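Protein chains: 2
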Amino acid sequence: MDVRKYISELGQQALSASRVLSQASTNAKNSALLAIADIIIENKGSLVEINKKDLEAGKKHGLDAALLDRLELNEERILAMAQGLREIAALPDPIGEISNLSYRPSGIQVGKMRVPLGVIGIIYESRPNVTADAAGLCLKSGNATILRGGSEAINSNQAIESYIKTGLEKAGLPTTSVQVVKTIDRAAVMELVRMKEYIDVIVPRGGKGLIENISNEARVPIIKHLDGICHVYIDDKADIQKAIDIAINSKTHRYGVCNAMETLLIAKDIAEQILPKLQERFNEKGVELRGCEQTRDILTNINPASDEDWDTEYLAPILSIKITNGLAGAIEHIHAHSSGHTESIVTEDITRARKFISEVDSSSVIINASTRFADGYEYGLGAEIGTSTDKLHVRGPVGVEGLTSQKFVVIGDGQIRA
Amino acid sequence: MDVRKYISELGQQALSASRVLSQASTNAKNSALLAIADIIIENKGSLVEINKKDLEAGKKHGLDAALLDRLELNEERILAMAQGLREIAALPDPIGEISNLSYRPSGIQVGKMRVPLGVIGIIYESRPNVTADAAGLCLKSGNATILRGGSEAINSNQAIESYIKTGLEKAGLPTTSVQVVKTIDRAAVMELVRMKEYIDVIVPRGGKGLIENISNEARVPIIKHLDGICHVYIDDKADIQKAIDIAINSKTHRYGVCNAMETLLIAKDIAEQILPKLQERFNEKGVELRGCEQTRDILTNINPASDEDWDTEYLAPILSIKITNGLAGAIEHIHAHSSGHTESIVTEDITRARKFISEVDSSSVIINASTRFADGYEYGLGAEIGTSTDKLHVRGPVGVEGLTSQKFVVIGDGQIRA
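Residue numbers (our numbering), protein chains in the order written: chain A, 15 to 432; chain B, 15 to 432.
Be a bit skeptical, because a hint or two may be false.
Note that identical chains are pooled: a pair holds if it fits in a single copy or bridges any two copies.
Claimed, not checked - Heads up, simulated DSS-like pairs for lysine-lysine below, C-alpha to C-alpha not over 30 Å straight-line:
1. Lys210 <-> Lys222
2. Lys126 <-> Lys238
3. Lys19 <-> Lys238
4. Lys58 <-> Lys19
Derived by calculation from the structure, the hints in this document are not laboratory data. Please read these numbers as outputs of a predicted model, since none were measured by experiment.
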């Protein structure tokens with residue numbers, strides 16, 4: 015198989031489909047989404063069977079238990095996938111909205127119109143539900159999609175693609191609106207991320223290694239999220255109960271997520287009062303604590319945090335704790351070690367809260383709430399295709415609006431420049 | 015000189031300065047802009063002298079007349095440069111604006127806050143006034159800047175940098191907020207565009223060759239504009255007088271600009287009526303016409319347009335003309351040949367206007383007005399740092415807002431995820 019030629023054909027077909035999709039009515043797009051959801055549910059039995067092939071092959075190739083779990087599609091997960099598509103159908107359609115249309119001194123009216131980006135390439139690992147989620151978000155925002163999932167999920171992904179194509183056909187939309195790459199050759203990824211003539215943006219989803227690799231090779235712009243080294247800072251003007259609740263929730267609500275707290279910062283004037291209480295709660299949850307020297311003067315039985323700990327996304331029940339010289343020390347630590355995902359301050363002092371919000375340059379900056387709120391659903395964006403820690407184009411949770419662009423529209427009645 | 019070390023030092027200094035600038039008050043930023051304008055005017059005599067050195071060296075190196083003209087700073091241009099900075103000072107400050115702050119079901123408030131991008135690298139050719147314009151726009155939007163101008167303007171650029179630094183100092187802002195690269199070694203450009211750890215975005219300004227080269231080498235995201243192959247389509251439902259005025263203005267108002275029309279499309283049913291009138295007007299202006307076969311059936315004395323013409327940005331008094339099969343043919347031609355900058359339709363038919371606005375995917379889409387309106391001042395954005403033909407982040411004229419990002423801000427009173 016000539017991979018370059020194959021990927022180029024996918025690109026051309028996607029571009030053609032994107033022209034139709036960009037003009038598709040909200041009704042047509044929603045009909046397709048609902049039809050796909052129905053077809054997925056109708057075929058749930060056979061999808062489980064097809065997925066078993068991937069699981070068996072995965073076992074043979076020695077995938078570990080966590081990866082096999084992510085690869086698995088059971089009935090519950092299939093129903094959730096269908097439900098996700100229905101929720102995307104229920105979201106408002108961002109396309110075509112014209113904002114700020116206003117008269118200029120010359121007599122022209124100038125505004126901005128929201129339009130699809132065009133063709134979106136998604137590169138992801140193991141979880142086959144991403145095939146439906148990502149295709150659904152791109153479809154709603156009027157974009158054609160080329161999906162390149164993990165080789166271990168190839169049978170599941172192709173089955174899901176076939177349901178999507180049937181749904182698209184039912185709604186009268188081009189079946190090439192969503193295409194799954196059918197080769198597991200790694201060269202296909204490199205072709206995709208360099209195909210500027212057909213692809214407008216690449217969204218990589220997966221481990222840091224995958225994303226860094228793609229970023230370095232890509233010529234197509236990327237919306238990416240590298241890692242989430244999130245901080246909670248407990249100020250000495252904090253409400254103690256709120257501080258404990260927020261710290262515990264930010265760390266222990268779920269461990270393997272990018273908006274979980276990885277480092278806790280505590281103002282030195284409140285540390286002695288709060289640390290023993292926190293330790294008790296974290297012990298109940300089985301979280302391993304690692305502390306700076308000052309922390310270990312108070313909690314004498316915990317391990318030291320090494321320099322490396324401050325830059326580590328554990329995604330596990332481990333927490334590093336540092337005592338800082340108040341707010342200034344906390345901001346300094348965040349500037350040096352944050353991945354720019356999410357940071358939260360716990361304080362009752364409005365001037366300090368204002369300073370934190372203003373000086374901390376992360377995609378989400380939070381006052382008196384858990385870092386776990388940094389999420390598309392919690393923010394009211396609906397489903398998200400990922401979280402961007404980049405500063406350009408879109409920052410934080412990326413919903414349908416993040417997959418759009420705005421062009422200028424000008425309406426005149428014969429104006430020319432003098 | 016160790017170029018990598020030097021550029022890395024500039025990057026570190028810019029990052030430190032950007033932290034201060036991001037927190038600078040609107041007053042401080044405006045004071046600096048006004049002070050720089052005053053200092054430039056005070057020093058206009060010596061700036062002309064310094065610029066003469068660049069001009070003499072340019073002549074020695076055989077720069078052509080057009081390049082020497084762009085390099086020249088005379089009193090009028092220096093006053094315009096100062097005036098530009100005063101206009102930037104008068105613009106509203108976009109930084110810190112919080113929009114859409116609203117309550118979510120969980121009780122948290124979620125909004126978006128506008129913040130600077132951080133450090134912006136500008137790479138440009140010959141015209142030294144870009145040094146002041148670009149630095150001014152970046153300063154207003156709270157960004158630190160590293161400027162790499164053309165080697166032929168190095169003395170002028172360094173003089174302007176010294177005025178900027180004096181103005182920054184007067185306003186109490188870090189003098190490293192604006193830094194001009196002091197080596198003409200090309201390796202400095204390659205270091206700049208790959209220095210992801212310190213630079214958030216690169217804005218290249220110059221010829222297509224320079225920009226393509228930088229795009230291919232860059233690892234830092236780029237806001238770019240490659241070329242402006244702009245179209246005017248005269249529909250058969252057009253008002254003849256508006257059509258003629260708009261076509262003439264779009265082509266002849268200025269030839270060397272990116273928003274000038276390069277190809278005129280005319281519906282076949284109106285071509286015979288309008289083409290002879292247009293030819294008369296274009297002849298008066300000395301514009302060379304090149305036509306498709308059908309055009310040459312009507313205007314028998316003009317040259318044929320080759321395939322290459324449809325993809326050429328002339329930036330000169332040359333115009334290619336094509337007769338199309340109505341609106342559908344025009345949109346097809348635009349999809350195939352436009353650079354995505356600006357297209358205009360002339361029609362009195364609202365359904366066709368609506369279709370054109372919806373289907374043409376360019377940074378500016380215009381109904382019944384000249385393509386020359388695609389401009390930051392005309393759109394009310396104030397000065398522009400360039401025009402983006404990319405779809406991500408910012409499209410069309412890029413003013414101060416295009417140099418900013420939005421982060422999520424969340425305000426709670428102790429909320430945790432259930």
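Taking the hints in turn, this is what the structure says about them:
For the identical chains of this complex, Lys210 and Lys222 are neighbours both inside a copy (23 Å) and across copies (16 Å), given an alpha-carbon limit of 30 Å. Taking CA atoms no more than 30 Å apart as the test, Lys126 paired with Lys238 passes in both settings, with 25 Å inside one copy and 19 Å between copies. Within a single copy, Lys19 and Lys238 get their C-alpha atoms as close as 27 Å, and across copies as close as 29 Å, so both meet the 30 Å cut-off. Taking the shortest alpha-carbon separations for Lys58 and Lys19, neither the intra-copy value of 34 Å nor the inter-copy value of 59 Å comes in at or below 30 Å.
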